[in-house]
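Asker: Construct all of the structure, not just a fragment, from the sequences and the given hints.
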Amino acid sequence: MAAPNCCSLSAAFQEYLRHLGLQDFPCGLGSWNKSCPSGRRSPRRVQPGQEEAVLDEETPEALLELLRDQHSPWALPQDCSPQDRLLREVAVLAPELVHGSKVYQVLKSLRMVDKGVEEVDEGVLQFQQLEELILSANQISRITSANLPRTLKVLELCCNTVGDLEDLCSQPPPELQHLGLGHNRLCGPSQDKFLTGDFWPNLISLDLSFNSLTDLLGLVSQLTTLQKLRILVLQGSPLALIPTYRGFLVDSLPKLSLLDDIYVGPDERQQFRGLARQPELSRSEARVVVSVGEMKGVPDPSALQQLEVGSEAPVITCSYFVTYEFPEGEEEFAEEQEQFAEEEELEDESNTEVTKTQQSPTVSVLDVASSAQDIGETKNQQDPAATDEPKTHSARVFATPGKPWADTIDCSYTKEHIAKDLVGLKSYLAAGTVVSVVEEKVLSWPVDADPEDNKKEGQDSAKRRPSRDKKKKQQQQQPRELRSDPPILRTLGTTRVTLEALLATEDLVETVCDFGVLITEKPPEPPVPEEKDEKKGKDKNKKTKAEGKGKNKDTAEPEEGQELQPVPLVVQFQMQLLRWPLAVGAHSQENEAVEVEKTQ
653 MAAPNCCSLS AAFQEYLRHL GLQDFPCGLG SWNKSCPSGR RSPRRVQPGQ
703 EEAVLDEETP EALLELLRDQ HSPWALPQDC SPQDRLLREV AVLAPELVHG
753 SKVYQVLKSL RMVDKGVEEV DEGVLQFQQL EELILSANQI SRITSANLPR
803 TLKVLELCCN TVGDLEDLCS QPPPELQHLG LGHNRLCGPS QDKFLTGDFW
853 PNLISLDLSF NSLTDLLGLV SQLTTLQKLR ILVLQGSPLA LIPTYRGFLV
903 DSLPKLSLLD DIYVGPDERQ QFRGLARQPE LSRSEARVVV SVGEMKGVPD
953 PSALQQLEVG SEAPVITCSY FVTYEFPEGE EEFAEEQEQF AEEEELEDES
1003 NTEVTKTQQS PTVSVLDVAS SAQDIGETKN QQDPAATDEP KTHSARVFAT
1053 PGKPWADTID CSYTKEHIAK DLVGLKSYLA AGTVVSVVEE KVLSWPVDAD
1103 PEDNKKEGQD SAKRRPSRDK KKKQQQQQPR ELRSDPPILR TLGTTRVTLE
1153 ALLATEDLVE TVCDFGVLIT EKPPEPPVPE EKDEKKGKDK NKKTKAEGKG
1203 KNKDTAEPEE GQELQPVPLV VQFQMQLLRW PLAVGAHSQE NEAVEVEKTQ
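So the sequence shown is numbered by the numbering used here: it starts at 653 and just counts up by one.
Bear in mind the hints are in silico, worked out from the structure with no lab data behind them. The structure presented is a predicted model; accordingly, all values stated were derived computationally and were not measured. Worth double-checking, as some hints may not be accurate.
[Unchecked claim] Below, a list of computed lysine-lysine pairs in the DSS-like style, where the Cα atoms sit at most 30 Å apart:
1. Lys1072 <-> Lys845
2. Lys805 <-> Lys880
3. Lys760 <-> Lys805
4. Lys907 <-> Lys948
5. Lys907 <-> Lys845
6. Lys948 <-> Lys760
Answerer: Okay, structure coming up:
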C-alpha cells in the first residue's frame, strides 16, 4: 500500500486500521455475525424512504471462510502480512477485541513498513503487550526511547535516516534482544559509545550494515562489552573493507556465532587466532586489485589503410587500451613501483613507434568521453547506467598500456590500489565503475617529405621514372625518419560495471564487458586506372564461377569476400578486494621490493 502522509506512528496505525476495514462485512459487530449479542451490534444505516436491508445471520466459521477463500471478494491478497490476516480473523471471531482502544491489547508484534512514519510518539505506549516493532523503510531520523514499550524485545529500524543514537539510549527497553539499524546514517566513532552493555545488557543480535562506520578498533572495543551478543552484521560499512576486518572481529568476539550472515566455525577461529592482539594489522585502509584480460572484437584498422610501400602518405599506428575509474586519494607507493617497472620495460623496446604507445598505466586526467562522438554507430554501445547515473565519488581514470591491434588483444594488466578513504571507496563500489575501450591513433610523416617536390615529380614523371624507382628502392632499404602528430583518442565503447557485491560478502567481481558490435563504414575509394582492367577480369571470373555453381551445387565452394558473423567488442574485467592473509602477503612483498631497491 502506498505510504500515507503520516508523521507519527500512532496516526499511521489508525490509517492502517481504516484500510483493513475491521468494522465492515464480514468483520466487525454487524447484524451478519450470529455470535454478536443483539445489544452490541452496530446499528443499520437506512436512508429515508428506503426499506431496511435484512442480512442473514452467519456463524463466525462461515464468515471466516469468506476471508480465507481465495475466490471470495472479501479475501485478503495472497501477499498480505500475517499481521493483516490476524486482525481480520480476530475481527470475525471476537470483533469486540479490535473495537476502540482494545486493539492495542491484541498485538504483540507491530509491522509498519513504508508508511511514511517520521516520529515514534508516546501513543505507542498503549501497546502494553508489544514485543516486536518493525519500522523499516520510513523517514525516522531520531527515536526517543521513552516512547517505546518496556516489553519490547525486537526493534527494527532498517532503511531509515537515523544518524544519532543518543535519544534511543536515554531509556532503552531493558529486555531488547535485537536492534536493527542497517541502511541508516550512523557515522563513527561518535556513535560507538552507545553500543555497549550498559545500554543493551540483553542484546543478542545487532545489525549495523550499510552505515558509515570507519573505526574498526574503536567499535570492537565497545562491542566486547555486549556479553550476550551472538549475531552481528556490519557488511556494507566502510570498516568492512579493511583486509583484517572479519578475522579481527572473530578473534575479538569469541562468543560470536554469526557474522554478516556467515556462520563462524571452529576452523575459522583457529585461522584468525591471535589477530586481536595485533591491532597494527587493522589499519584503516583497503586493498583492491584490478585486472584487465583479453579484448576481442576490435575492428582491424589495416582494412582502412592500404598504403603503397614508400608512399608519402602518413604511417598510421593504432594502439588500444582500457580505462576504468577508481577513487582519488589512494596510496601512491604501488603506483610508483608499477611505473618504475613499466619504464624499465619500455627502455628495452627497440621499436620507437611501439614505445610511444606504451605509456604509463596511470593517467591522472584522461578525457576519453569527449571523443566518443567521433566513432560511428554502435549497437548497444552506451549503457544508460554509464551516462545517466550521477557520480557520487571523486574518481581518477586509470588506463592499461596501449597494445597493437590483434584478433585477441591480451592486455595482461594488474594493478593494486591502496585506498585510504574508506567512505569514498564505499560510495564508489555502490555506484560502480565506468570501463571504456579507447583507440589511440598516431599519424607519422616522413621528415624529408615536401609537397612542392611531389608536384614537380608529377610534372616530369615520364622523364625521371627510372631515377624515382631507384630512389624508392633506396628508401625501402634505409629506415626513414618520421615525425609524429599528437595522438588522436577515440572511445570505442563505454559501460558501467556493478561492484555492489564487494560491499556484501563477496571478495571478487569478475565479468566480461560487452560493448556491442561496432559498425564502421569504409568510405568507397575510386579505383586506380591500372586496377580497372583487373577488376573487370575478376568480375568475369566471379560470373563464370557463379554459373558453374548453379550447374553443380554439390561441389559449390563459398564465395570470396563472404561476410563473417560480426563479433561484439568485449573485455575481461575483474576487481578483487584483498582479505587477510592475502593482503598481508602483498604488503610484505612491497616491503621486500623497497629494501631491494634501496640496496641497489
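Asker: State for each hint whether it applies.
Answerer: Hint-by-hint comparison with the structure:
1. Only pairs whose Cα atoms come within 30 Å are accepted, and Lys1072 paired with Lys845 is accepted, the gap being roughly 24 Å.
2. Of the pairs offered as hints, the one joining Lys805 and Lys880 holds, with about 14 Å between alpha carbons and a cut-off of 30 Å not exceeded.
3. Straight-line distance between C-alpha atoms of Lys760 and Lys805 comes to about 10 Å, which keeps the hinted pair within the 30 Å bound.
4. Note on Lys907 and Lys948: the hinted pairing is violated, with a Cα-Cα distance of about 51 Å set against a maximum of 30 Å.
5. Our distance criterion of 30 Å between C-alpha atoms is met by Lys907 and Lys845, whose separation comes to about 21 Å.
6. Between Lys948 and Lys760, the direct Cα distance comes to roughly 61 Å. Violation of the 30 Å bound is thereby established for this hinted pair.
The structure is inconsistent with the numbered hints 4, 6, although it conforms to all the rest.
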